[in-house]
Amino acid sequence: MAFDSTYTRELPLVDSRSSFAEIDDTVLAPTERKPSKKWFVAFLMANTALLIGAICVGYTLYYGIGMWGNNNPVGWGFDIINFVFWIGIGHAGTLISAILFLFRQKWRTAIARFAEAMTIFAVMTAGIFPILHTGRPWLAGYLLPYPNQNALWVNFTSPLLWDVFAVSTYLTISFVFWGIGLIPDIALMRARAVSGIKKSIYAILSLGWKGSNRDWQNYERVYLILAGLSTPLVLSVHTIVSFDFAVSVIPGWHTTIFPPYFVAGAIFSGFGMVSTCLIILRKVYDMENIITLNHIEKMNKILLATGTMVGYAYGMEFFIAWYSGNPFESFVFINRAFGPYAWAYWIMIACNVGFPQLFWFKKIRRNIGITFVLVLLVNVGMWFERFVIIVTSLHRDFLPASWGMYIPTMYDLGILLGSFGLFFTLLLLFVKVMPSVSLAEIKAVVPGAQPTHHHHSEEH
Amino acid sequence: MDTVNKPISDKVSKLGYALTGIGLLIIVASFLTNKQRGAFDYLWIYMFLTSVGIGGLALTALEYLVGATWSVPFRRVCEFLAGIIPLLIILVVPLIFTMGDLFHWLHPEPGDEILAAKKPYLNMNFFLIRVAFCIVVWFIFYFFFTRNSKKQDTTKEPGLTRTNIKLSVVFAPLFFISMTMAAIDWMMSLEPHWYSTIYGVYYFAGTIVCTLAIVTFISIHLKENGYLNPRVSNDHFYSLGTLLFGFNIFWAYIAFSQFVLVWYADIPEETVWYMQRWHHGWQYVSLGLLFFHFVIPFLILLPRSIKVNLKVLKVMSVWMVLAHMLDLYWLIMPTYSSSPVFGWQELGMLLFAPGLIIVVFTMKANKENITPVGDPKLEAGLNFTL
Numbered sequence: 151m152a153f154d155s156t157y158t159r160e161l162p163l164v165d166s167r168s169s170f171a172e173i174d175d176t177v178l179a180p181t182e183r184k185p186s187k188k189w190f191v192a193f194l195m196a197n198t199a200l201l202i203g204a205i206c207v208g209y210t211l212y213y214g215i216g217m218w219g220n221n222n223p224v225g226w227g228f229d230i231i232n233f234v235f236w237i238g239i240g241h242a243g244t245l246i247s248a249i250l251f252l253f254r255q256k257w258r259t260a261i262a263r264f265a266e267a268m269t270i271f272a273v274m275t276a277g278i279f280p281i282l283h284t285g286r287p288w289l290a291g292y293l294l295p296y297p298n299q300n301a302l303w304v305n306f307t308s309p310l311l312w313d314v315f316a317v318s319t320y321l322t323i324s325f326v327f328w329g330i331g332l333i334p335d336i337a338l339m340r341a342r343a344v345s346g347i348k349k350s351i352y353a354i355l356s357l358g359w360k361g362s363n364r365d366w367q368n369y370e371r372v373y374l375i376l377a378g379l380s381t382p383l384v385l386s387v388h389t390i391v392s393f394d395f396a397v398s399v400i401p402g403w404h405t406t407i408f409p410p411y412f413v414a415g416a417i418f419s420g421f422g423m424v425s426t427c428l429i430i431l432r433k434v435y436d437m438e439n440i441i442t443l444n445h446i447e448k449m450n451k452i453l454l455a456t457g458t459m460v461g462y463a464y465g466m467e468f469f470i471a472w473y474s475g476n477p478f479e480s481f482v483f484i485n486r487a488f489g490p491y492a493w494a495y496w497i498m499i500a501c502n503v504g505f506p507q508l509f510w511f512k513k514i515r516r517n518i519g520i521t522f523v524l525v526l527l528v529n530v531g532m533w534f535e536r537f538v539i540i541v542t543s544l545h546r547d548f549l550p551a552s553w554g555m556y557i558p559t560m561y562d563l564g565i566l567l568g569s570f571g572l573f574f575t576l577l578l579l580f581v582k583v584m585p586s587v588s589l590a591e592i593k594a595v596v597p598g599a600q601p602t603h604h605h606h607s608e609e610h
Numbered sequence: 005m006d007t008v009n010k011p012i013s014d015k016v017s018k019l020g021y022a023l024t025g026i027g028l029l030i031i032v033a034s035f036l037t038n039k040q041r042g043a044f045d046y047l048w049i050y051m052f053l054t055s056v057g058i059g060g061l062a063l064t065a066l067e068y069l070v071g072a073t074w075s076v077p078f079r080r081v082c083e084f085l086a087g088i089i090p091l092l093i094i095l096v097v098p099l100i101f102t103m104g105d106l107f108h109w110l111h112p113e114p115g116d117e118i119l120a121a122k123k124p125y126l127n128m129n130f131f132l133i134r135v136a137f138c139i140v141v142w143f144i145f146y147f148f149f150t151r152n153s154k155k156q157d158t159t160k161e162p163g164l165t166r167t168n169i170k171l172s173v174v175f176a177p178l179f180f181i182s183m184t185m186a187a188i189d190w191m192m193s194l195e196p197h198w199y200s201t202i203y204g205v206y207y208f209a210g211t212i213v214c215t216l217a218i219v220t221f222i223s224i225h226l227k228e229n230g231y232l233n234p235r236v237s238n239d240h241f242y243s244l245g246t247l248l249f250g251f252n253i254f255w256a257y258i259a260f261s262q263f264v265l266v267w268y269a270d271i272p273e274e275t276v277w278y279m280q281r282w283h284h285g286w287q288y289v290s291l292g293l294l295f296f297h298f299v300i301p302f303l304i305l306l307p308r309s310i311k312v313n314l315k316v317l318k319v320m321s322v323w324m325v326l327a328h329m330l331d332l333y334w335l336i337m338p339t340y341s342s343s344p345v346f347g348w349q350e351l352g353m354l355l356f357a358p359g360l361i362i363v364v365f366t367m368k369a370n371k372e373n374i375t376p377v378g379d380p381k382l383e384a385g386l387n388f389t390l
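Chains A and B are the protein sequences, given in the same order. Each number in the numbering used here comes from the position in the first sequence (counting from 1) with 150 added on. Each number in the numbering used here comes from the position in the second sequence (counting from 1) with 4 added on.
Incorrect hints may have been included.
Straight-line distance between alpha carbons at most 20 Å, and here's what the computed DMTMM-like set of lysine to aspartate or glutamate pairs gives [as the list claims (entries may be wrong)]:
1. A:582 / A:172
2. A:256 / B:273
3. A:433 / A:174
4. B:123 / B:195
5. B:170 / A:160
6. B:160 / A:154
7. B:123 / B:113
8. B:170 / A:447
9. A:593 / A:160
10. B:123 / B:189
11. A:451 / A:154
12. A:582 / A:438
13. B:170 / A:154
14. B:371 / B:239
15. B:160 / A:160
16. A:188 / A:436
17. A:593 / A:438
18. A:188 / A:438
If you want a taste of the chain B side facing chain A, the calculated C-beta under 8 Å gives, among others [to be verified]:
19. 122
20. 165
21. 201
Residues from chain A that keep clear of chain B, each with C-beta distances beyond 12 Å, as calculated [said to hold, decoys possible]:
22. 205
23. 216
24. 217
25. 226
26. 249
27. 255
28. 367
29. 381
30. 439
31. 459
32. 463
33. 473
34. 493
35. 570
36. 581
37. 595
It should be emphasised that the hints constitute simulated quantities derived from the structure, not laboratory data. Remember, it's a predicted structure, so these values are computed and weren't measured experimentally. We put the beta carbon where it would ideally sit given N, CA and C, even for glycine.
Next comes chain A alone, as it looks inside the complex (with noise of 0.2 Å):
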């Protein structure tokens, strides 16, 4: 919580004494004109991209995953490395909207909405890759484990499997809690639609919606259970997705810490992805006074936590690595920081632990500016944390022999670019169809709205 400085008072969440009406007009004006000029540009700009990528997955799908740059010893390449990447980046929605909620983070209210939306999408382009990685597509449906006239079932002791399931319960149980959360506000705009087409897409979708007593008794229930239900969920996910590579006996990648490490990770890593965004929407949409600078520096200090927790476990690896005395184990780490990729490896370091550690000053915190170049490069770090993970404890095998290189080739790079045409895309139709902000929500935490005694508002 923040405070005045006698600590008495707590600060308001909402800038200004805003109407209801004022926050309804603000976070519905996007869905209600028409797109912006810059909006066009922008939807372009990400369907380009997205285009690329399809016409990249078009040749892997049409010539084989010979395509990429994945080799020997080098067998997981951008395909691994993009699908944890915005694996991680689908982390913050769900810690923003179940872990806060259950922490009882009123300030989460202003971004739980369009960050439970950023994470649908990113775990949505997160699946495309290890499907995609399987090398044959199309026999994806053997995944899922169902008796079959082949007797052929799927191995129930490999955590690439564990990750099927977990990203899929992942997927569909963020889908339910966001769905339901939008469920009130879906009501509010079905009210103001002028068009009838308008009107009856959102009466559907409202699920028919009363705003009753009754109505809001249930939609609490639900919402609570799921949020307790989204937040092992949120843990399993990134701990499965880390069992990947912990489980295996390679040196960089069998390590204990690997589970936290990588919650805390996918927990910075979507931390920022939500900033980057949100600072660019608030500014677009003039929802300054909605999702404040208190927001924007309430995240940035999970960044700087969860950053520094990251670099506790990049630590740990180290040392343990040296104190193990397991010249294999020692060898991978020295590699990491001192052989063909080190540049990634001091990418990764500069960009999750050294630089969030500006946020430390109150000033830097509350400066969009730099937070923007801040999230930007926590971006970067985090996803060559995964490369570096990958390609530096495969890339130099037991034996010099059989030591190689991995240079990714343009179909690499073009996927992964298409990768965040993808994303974009979907966030910017979301954005135009959806209020950003969960207004039901909101207007509980503006000053005044409180159903509590007159004395008990002003002391807090």
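For chain A, the structure is supplied; the task is to place chain B on it using the hints.
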């Protein structure tokens, strides 16, 4: 402000002194009959008290760090528990004189290349420097946190809250580093060949569970006997119970992560540690830990109604403290004995540690306010409702 300021009843402090005294006798007797067993038992006690001391300090810092209000009415409980930290300076001395009995790395077999390679870290001098570093860091922060907090009782100066917030920010990274060091040095290096990167996090998780349990127990006890402001309500205890529940899941998560990765990769250097804990009776302790520390408390603490049922919550707090003792026993004792031992020697833990906590707490509570009356966030904390 309706703050109660009556001394803790004599019975409690007498109980504390009695437990500490008997516990101390057992510890001494244990050392005299079997020095090595005494040393391991004492390490067990020392690590438990470290848990409570630094856990109390960490929770104090956490409140400042995250700007919580609901916990202000019982922040003093955490501060008083952190009062164990100055005693660690004395408590650590017997360990330093029995290091030879504890640590295999002090006298490795000739030709043990791995231990020879670890010499730059695992050697007497550097070890002592690290031990001193940790205790000094904890002590410095304990001193400043509590001094500012105490000063605020009379001055009511909000600037002191600001100072403590700044301190908490600096303390956070130092705490993680020092706590990891303590865990690795005192416990992980008992098996000097074995290593696990998550070890520090594991100890952290247990520490917080244990300290939260003690804070819950003491707070309920204070509430029942009218020491706390009557406005401290079930909503406050619900929050404590939820945190206890949550951190216990975190502990299980960390424990599971470590176990499943070691089990799955099946590398002999790593599995050896679990193999030790899976033979000659230790398997029952391991399974017991799983159920006693996680499964049963998880099921009991899950319903909301339990977290506001102070009687059950009180029992569960004691339960969780015992679970942390069992956890530390499981971490430390397999190095001493290939099968689990529990005799009169181990009663030292059960008597001395709670006794000392009671003594420290009552001494502090009789000298200082149990409620931080000058804290500007106190009013908001007392008004806290779900």
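A quick look at each hint next to the structure:
1. Among the hinted pairs, residue 582 (chain A) with residue 172 (chain A) is consistent with the structure: their alpha-carbon atoms are about 19 Å apart, no more than 20 Å.
2. The hinted pair formed by residue 256 (chain A) and residue 273 (chain B) fails the criterion: a straight-line CA distance of about 47 Å is larger than 20 Å.
3. Proposed proximity of residue 433 (chain A) and residue 174 (chain A) is supported: the alpha carbons are some 17 Å apart, at most 20 Å.
4. Simply put, residue 123 (chain B) and residue 195 (chain B) have alpha-carbon atoms about 14 Å apart, close enough for the 20 Å limit, and the pair holds.
5. At most 20 Å may separate the alpha-carbon atoms for a hinted pair to count; residue 170 (chain B) and residue 160 (chain A) meet this at roughly 19 Å.
6. In summary, the hint linking residue 160 (chain B) to residue 154 (chain A) is supported, as the alpha carbons are separated by about 15 Å, within the 20 Å threshold.
7. As the CA atoms of residue 123 (chain B) and residue 113 (chain B) are separated by approximately 13 Å, the hinted pair is consistent with the 20 Å bound.
8. Pair hint residue 170 (chain B) plus residue 447 (chain A) holds up; C-alpha atoms about 16 Å apart against a cutoff of 20 Å.
9. Proposed proximity of residue 593 (chain A) and residue 160 (chain A) is supported: the alpha carbons are some 17 Å apart, at most 20 Å.
10. For the suggested pair residue 123 (chain B) and residue 189 (chain B), the alpha carbons sit about 13 Å apart, so the restraint of at most 20 Å is met.
11. A C-alpha spacing of about 18 Å is found between residue 451 (chain A) and residue 154 (chain A), which places the hinted pair at or below 20 Å, so the restraint holds.
12. Of the pairs offered as hints, the one joining residue 582 (chain A) and residue 438 (chain A) holds, with about 18 Å between alpha carbons and a cut-off of 20 Å not exceeded.
13. The hinted pair formed by residue 170 (chain B) and residue 154 (chain A) meets the criterion: a straight-line CA distance of about 16 Å does not exceed 20 Å.
14. About 28 Å separates the Cα atoms of residue 371 (chain B) and residue 239 (chain B), which puts this hinted pair outside 20 Å; it is violated.
15. For the proposed pair residue 160 (chain B) and residue 160 (chain A), the alpha carbon gap of about 18 Å is at most 20 Å, so the pair holds.
16. For the given pair, residue 188 (chain A) sits about 14 Å from residue 436 (chain A) by alpha-carbon distance, which is consistent with the 20 Å threshold.
17. Between residue 593 (chain A) and residue 438 (chain A) the alpha-carbon distance is near 15 Å, which keeps this suggested pair within the 20 Å criterion.
18. The straight-line distance between the Cα atoms of residue 188 (chain A) and residue 438 (chain A) is roughly 18 Å, inside the 20 Å bound, and the hint therefore holds.
19. About 6 Å separates the beta-carbon of residue 122 (chain B) from the nearest beta-carbon of chain A, less than 8 Å, and the hint is met.
20. Below 8 Å, beta-carbon pairs count as interface contacts, and residue 165 (chain B) has one with chain A at about 5 Å; its hint therefore holds.
21. Residue-level restraint check for residue 201 (chain B) holds (minimum Cβ-Cβ distance to chain A is 4 Å; threshold 8 Å).
22. Distance check for residue 205 (chain A) against chain B: the nearest CB is about 39 Å away, which clears 12 Å, and the non-interface claim stands.
23. Separation of residue 216 (chain A) from chain B is adequate, the least Cβ-Cβ distance of about 31 Å exceeding the 12 Å criterion.
24. Here residue 217 (chain A) stays apart from chain B, with its beta-carbon at least about 33 Å from theirs, past the 12 Å limit.
25. With a minimum CB-CB distance of about 17 Å to chain B, residue 226 (chain A) clears the 12 Å threshold, and the non-interface call stands.
26. With 12 Å as the threshold on Cβ separation, the claim that residue 249 (chain A) sits away from chain B is violated: the shortest Cβ distance comes to roughly 10 Å.
27. Not every CB of chain B is more than 12 Å from the CB of residue 255 (chain A) (nearest about 9 Å), against its label as outside the interface.
28. The Cβ of residue 367 (chain A) lies farther than 12 Å from every Cβ of chain B, with a closest approach of about 16 Å, so its non-interface assignment holds.
29. Residue placement check: residue 381 (chain A) does not keep its beta carbon more than 12 Å from all beta carbons of chain B (closest about 9 Å).
30. The Cβ of residue 439 (chain A) lies farther than 12 Å from every Cβ of chain B, with a closest approach of about 22 Å, so its non-interface assignment holds.
31. Interface exclusion of residue 459 (chain A) from chain B breaks down, the closest Cβ pair being 8 Å apart, not more than 12 Å.
32. Interface exclusion of residue 463 (chain A) from chain B breaks down, the closest Cβ pair being 8 Å apart, not more than 12 Å.
33. Residue 473 (chain A), annotated as away from the interface, has a beta carbon of chain B within 12 Å; the closest lies near 6 Å.
34. With 12 Å as the threshold on Cβ separation, the claim that residue 493 (chain A) sits away from chain B holds: the shortest Cβ distance comes to roughly 25 Å.
35. For residue 570 (chain A), the requirement that its beta carbon stay farther than 12 Å from each beta carbon of chain B is met, with the minimum near 31 Å.
36. Taking the minimum C-beta to C-beta distance to chain B, about 31 Å, the non-interface status of residue 581 (chain A) holds against the 12 Å cut.
37. No Cβ of chain B approaches the Cβ of residue 595 (chain A) within 12 Å, the least distance being about 16 Å, so the stated non-interface status holds.
Going through the hint list in order, the structure does not satisfy hints 2, 14, 26, 27, 29, 31, 32, 33.
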